[in-house]
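Trainee: Residue strings, one per chain:
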Amino acid sequence: MLAFLVQRISQALLVMFVISVIAFAIQDGLGDPLQQMVGMSVSQDEREAIREDMGLNDSLVVQYFRFAANAAQGDLGTSYFYGKPTLDVILEHLPATLELVIGASLIILVFSVPIGVYAAIRPQAWLSKFFMGISTVGISIPVFLTAIVLIQLFSIGVAVNPFPQDAGWGRWLNGALSTEGGLPSYGRGDELTPLFGTWNSGFFSHDGILHLILPSVSLASIMLPLFIRLIRAEMMEVLQSDYIRYARAKGLGAGRVNFLHALKNTMLPVITVGGVQIGIMVAYTILTETVFQWPGVGLMFLEAITRSDIPLIVAYLMVVGLIFVITNTLVDLLYGLVNPTVKLTGKKA
Amino acid sequence: MSLLEVKDLDVRFAVRGGDLTALRGISFTLDKGERLGLVGESGAGKSVAAFSILNLIARPGYIAGGQILFEGRDLAAMGERELRKIRGNRIAMIFQDPMMTLNPVLTIGTQMVESIKAHRRISKKAARDVALSKLNKVQIPSPEKRLDQYPHELSGGMRQRVIIAIALLMEPEIIIADEPTTALDVTIQAEIMALLLELCEQDNLALMLITHDLGVVSQVSQRMLVMYSGRIIEQGPTREIINDAQHPYTQGLISALPQMGEPGQRLFQIPGAMPSLKNVPSGCPFHPRCKFAMEQCELTMPEYVRSGNVDVACYEVSNLIAREKGMQKVEF
Amino acid sequence: MTTATISRWDRFRESFLWYSFKRDKIAIISFIVLLAMVLAAIFAPLLAPADPYDLAQINIMNSELPPAGMAGSDPAFPLGTDAQGRDMLSTILYGTRVSLLIGFGAVVLQAALGIVFGLLAGYLGGRVDSILMRIADVQLSFSTLMVAIIVGAVFKASFGNLMFGEIAIYMLIFIIGIAEWPQIARTVRASVLAEKKKEYVDAAKVMGFRTGRIMFRHILPNTLSPIFVIATVQIANAIISEAALSFLGLGMPETQPSLGSLIKSGFDYIQSGSWWITLLPGLVLVVLVLVINLLGDWLRDVMNPRLYKG
Chain A
11 MLAFLVQRIS
21 QALLVMFVIS
31 VIAFAIQDGL
41 GDPLQQMVGM
51 SVSQDEREAI
61 REDMGLNDSL
71 VVQYFRFAAN
81 AAQGDLGTSY
91 FYGKPTLDVI
101 LEHLPATLEL
111 VIGASLIILV
121 FSVPIGVYAA
131 IRPQAWLSKF
141 FMGISTVGIS
151 IPVFLTAIVL
161 IQLFSIGVAV
171 NPFPQDAGWG
181 RWLNGALSTE
191 GGLPSYGRGD
201 ELTPLFGTWN
211 SGFFSHDGIL
221 HLILPSVSLA
231 SIMLPLFIRL
241 IRAEMMEVLQ
251 SDYIRYARAK
261 GLGAGRVNFL
271 HALKNTMLPV
281 ITVGGVQIGI
291 MVAYTILTET
301 VFQWPGVGLM
311 FLEAITRSDI
321 PLIVAYLMVV
331 GLIFVITNTL
341 VDLLYGLVNP
351 TVKLTGKKA
Chain B
2 MSLLEVKDLD
12 VRFAVRGGDL
22 TALRGISFTL
32 DKGERLGLVG
42 ESGAGKSVAA
52 FSILNLIARP
62 GYIAGGQILF
72 EGRDLAAMGE
82 RELRKIRGNR
92 IAMIFQDPMM
102 TLNPVLTIGT
112 QMVESIKAHR
122 RISKKAARDV
132 ALSKLNKVQI
142 PSPEKRLDQY
152 PHELSGGMRQ
162 RVIIAIALLM
172 EPEIIIADEP
182 TTALDVTIQA
192 EIMALLLELC
202 EQDNLALMLI
212 THDLGVVSQV
222 SQRMLVMYSG
232 RIIEQGPTRE
242 IINDAQHPYT
252 QGLISALPQM
262 GEPGQRLFQI
272 PGAMPSLKNV
282 PSGCPFHPRC
292 KFAMEQCELT
302 MPEYVRSGNV
312 DVACYEVSNL
322 IAREKGMQKV
332 EF
Chain C
2 MTTATISRWD
12 RFRESFLWYS
22 FKRDKIAIIS
32 FIVLLAMVLA
42 AIFAPLLAPA
52 DPYDLAQINI
62 MNSELPPAGM
72 AGSDPAFPLG
82 TDAQGRDMLS
92 TILYGTRVSL
102 LIGFGAVVLQ
112 AALGIVFGLL
122 AGYLGGRVDS
132 ILMRIADVQL
142 SFSTLMVAII
152 VGAVFKASFG
162 NLMFGEIAIY
172 MLIFIIGIAE
182 WPQIARTVRA
192 SVLAEKKKEY
202 VDAAKVMGFR
212 TGRIMFRHIL
222 PNTLSPIFVI
232 ATVQIANAII
242 SEAALSFLGL
252 GMPETQPSLG
262 SLIKSGFDYI
272 QSGSWWITLL
282 PGLVLVVLVL
292 VINLLGDWLR
302 DVMNPRLYKG
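Protein chains in written order, with our numbering: chain A, 11 to 359; chain B, 2 to 333; chain C, 2 to 311.
Derived from the structure by calculation, the hints contain no laboratory data.
No experiment lies behind these values; they were computed from the predicted model shown.
Treat the hints with care, as some may be off.
[As the list claims (entries may be wrong)] DSS-like, lysine-lysine: derived pairs with alpha carbons at most 30 Å apart: (1) 274/A to 139/A; (2) 138/B to 125/B; (3) 138/B to 118/B; (4) 86/B to 118/B; (5) 23/C to 139/A; (6) 86/B to 33/B; (7) 146/B to 118/B; (8) 279/B to 23/C; (9) 279/B to 292/B; (10) 279/B to 198/C; (11) 199/C to 139/A; (12) 33/B to 8/B; (13) 125/B to 86/B; (14) 86/B to 274/A; (15) 125/B to 274/A; (16) 326/B to 292/B; (17) 126/B to 274/A; (18) 279/B to 326/B; (19) 126/B to 146/B; (20) 274/A to 118/B; (21) 274/A to 146/B.
If we strip away everything but chain A, and leave its shape as in the complex, we get:
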């Protein structure tokens, strides 16, 4: 167990190192901090002096180490736009994104497993084919488009009148096909409950949850079909195994065979692949937050790009890199704990 942790941590550090080098390169290449900090009226000599002071004339390697050392202590520079330490800005925006991710993850978890399993056990049922059909379409719709469509349907509302309005049944059918909208599609609303630090939660008020619905569903919409397909594919393969046939030969009921014998084996590769999807999730939060103007780190990053707020961009990359590395390590750990054939020295049995 210890060997495993050591190995993983050293891998993580390596990746963080690479990310920090890239981040530093971006910072060094992109912005001239001087331009942002001092006005036009400052003379060339004074600029030189300030440069010297700030250590911008030192070798790249020295500058990098300074950067890395600062980063390790939590100092990732000061945002040009906000005028505050970038880490503070990020921490202020982070809870909003985390809540969005939690909301989407809940939806994915609750729906993907039952649907995926059902589609694997009864592949010929029309319900299965229906879900798989929707999944294929779902993968083809980019997340921001789903968001826009959801906004149109459930926030603005769609009134269709294909049937005659003057007849009672016509009105009813038209009403059934139309949507009223009404769900909020902008931001997080005003009723947030402070939890701790900078974390104001939307989960504890009615208005907060209403605001969470459309963005969470949008974010889940791209991952849900992925997971449904994945679970179905893995489970179908597992169901062909000898040990499943053997379990039936022992007289075990379908429930136990499917939901213990088969599912446990199915979830192993799903955990692995699922872990990789976390990376995609981060990219999609940027898109989702843009559509809903959700005040999370994704929107913050995008605005930083538009404003050329280099320190904030770099800080975001470092933090996101760290989150990746931590999550991937945790996923590996989880897999190692769940799969008995993997000894936690990091080697396969």
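We have chain A already, so just place chains B and C on it with the hints.
Mentor: For chains B and C alone, coordinates are given in the frame of chain A:
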């Protein structure tokens, strides 16, 4: 009445373009405590026959006709719920490769206890005790430790012993063993086979042993049947068939066994190969490879004739018998 | 007596590919739709009723007209107009053209990179393999979209808005190309590793062929079939990635929009009821990606070793 009676069993595979017949008109019986060997090359249908008893043939296979009478009730016509009461309880199965048969993510204990609890109301502790006693019976060292181990932590031979123990858990009447030693090391094969034989004798268990290994069949089974291309072509007491095989195919199988004769002798091979399910020849399926083939062999499948205590499906054999009878008649 | 030689067309007609294509209705429909869209995009200048980027042709009085069949529509603009009065049909045709261009271009680039790196990693092994695959792993774990966003952001900041806009098409092809090479490289590498063990490679080595020649002329042709399958799906992915980048403002500018940037600019008007400005390009985007994905699915099923299924 026999314990198990298979009558005219027909098993087909539903594929695009029509059904393929895997088993045709299979009939045999198994008595209490009797050990029956099912012999044949790969693709002959032995495994299909074994799995069809408990209706476990993988889709798209299905039982198209015939009866499987166990203590008078037809298993082929039974629903899943009723069948489950028999599977692992009255009739147990042993598969070929124990590594693939045991679920890699569940402990041995879990997989044993669930078998018991599926058929009997019993506490987990009591079930564990039953499991331990069976593990002892199959001579596994430190059984308590094994219960908490995972399949990959045991050796191949031990895994197969566990499978045998699981088969014995509910004290079944019949054990169907599909090539139980093929996936094991040669040295372990003999051990496992001896263990199986001993257990069957001890508890008077009926055994249906599917194998391609004539050596194992001759040592373990009392009766045997030879399958070719989905049909039983010879059936009877093992000793008689091994010593004096009647059907040309069986004769070929036995001649193909390496003999401890002169070194450097060429091994005998039956020319040709077993036809695939799509290309089953008309009439007697063996006729393209048979040196005694006559016109009749191409037309219809021969009926069984009795030679000694053995039933054989072969026109050549039935002609020979008729000639003998004819000669005897003439003598009188 | 001469023996008839079978022409290439005849061989294709008898091939398994054509046979299973004919039988798969979804594949046929998808292909027809895709073909129609590609042709419409190629001939956009001829087909479009107006050139939407010719400022002289736009009249702001025509802005926000709904599509045909709804109240207030104008028959000159069958799909309605956007906020500047541009004809939606025209903008969509031109937009599809840009999206398809970038999609194909990006896939060509990532295929080239992926094949080269995959061959090198697989054939040379050792250090080269480790380094390349490490980079690929990191890129993949960040997700290609994220990588594209980061690279896009960096380029946009370096080049500035104006210049970025002018060379946007090439920028996007480049960005998506380098973001997505790992997928193809991995597949090629896996194929190469499998092929390396085969005897014809030993034979080529014994005959003294240079490494490069062995890699490209002997091994590569045998690894192509999975690449075709992936490349098809990657075209769809590239189109989506480009749409996402454009939507975020890191892609095509308004003066030369792709479907993604059309959606972006249209989004501002959805609240005022002019849903067609954003949703019609969206619909076209979805259909385009869907048919490519369906064809990719079919291709994958066809190219895989046939499993004996009922």
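Trainee: Now, for every hint given, state plainly whether the structure supports it.
Mentor: Each hint tested on the structure:
1. About 24 Å separates the Cα atoms of residue 274/A and residue 139/A, which keeps this hinted pair within 30 Å; it holds.
2. For the proposed pair residue 138/B and residue 125/B, the alpha carbon gap of about 20 Å is at most 30 Å, so the pair holds.
3. This hinted pair checks out: residue 138/B and residue 118/B have alpha carbons roughly 20 Å apart, not beyond 30 Å.
4. Distance check on the hinted pair: residue 86/B and residue 118/B sit about 12 Å apart at the alpha-carbon level, within 30 Å; holds.
5. As the CA atoms of residue 23/C and residue 139/A are separated by approximately 22 Å, the hinted pair is consistent with the 30 Å bound.
6. Between residue 86/B and residue 33/B the CA atoms are separated by roughly 19 Å; this keeps the pair inside 30 Å, and the hint holds.
7. Restraint check for residue 146/B and residue 118/B: the C-alpha separation of about 21 Å stays at or below 30 Å, so the hint holds.
8. A threshold of 30 Å between alpha carbons decides the hint, and for residue 279/B with residue 23/C the separation of about 25 Å falls inside it, so the pair holds.
9. Distance restraint check for residue 279/B and residue 292/B: the Cα-Cα separation of roughly 23 Å lies within the 30 Å cut-off, and the hinted pair is therefore satisfied.
10. Proximity of residue 279/B to residue 198/C is assessed by CA-CA distance (about 34 Å); at most 30 Å being required, the pair is judged violated.
11. A C-alpha spacing of about 41 Å is found between residue 199/C and residue 139/A, which places the hinted pair above 30 Å, so the restraint is violated.
12. The hinted pair formed by residue 33/B and residue 8/B meets the criterion: a straight-line CA distance of about 17 Å does not exceed 30 Å.
13. Pair hint residue 125/B plus residue 86/B holds up; C-alpha atoms about 20 Å apart against a cutoff of 30 Å.
14. Simply put, residue 86/B and residue 274/A have alpha-carbon atoms about 25 Å apart, close enough for the 30 Å limit, and the pair holds.
15. Restraint check: the Cα-Cα separation between residue 125/B and residue 274/A comes to about 21 Å, which is no more than 30 Å; the hinted pair holds.
16. Between the alpha carbons of residue 326/B and residue 292/B the distance comes to roughly 24 Å, so the proposed pair stays at or under 30 Å and holds.
17. Our distance criterion of 30 Å between C-alpha atoms is met by residue 126/B and residue 274/A, whose separation comes to about 24 Å.
18. Taken as a hint, the residue 279/B and residue 326/B pair is broken in the structure, with Cα atoms around 39 Å apart against an allowance of 30 Å.
19. The suggested pairing of residue 126/B with residue 146/B holds, with an alpha-carbon distance near 15 Å, which does not exceed 30 Å.
20. Our distance criterion of 30 Å between C-alpha atoms is met by residue 274/A and residue 118/B, whose separation comes to about 20 Å.
21. A distance of roughly 23 Å separates the Cα atoms of residue 274/A and residue 146/B; the hinted pair therefore holds under the 30 Å criterion.
Comparing the model with each numbered hint stated earlier shows that hints 10, 11 and 18 do not hold.
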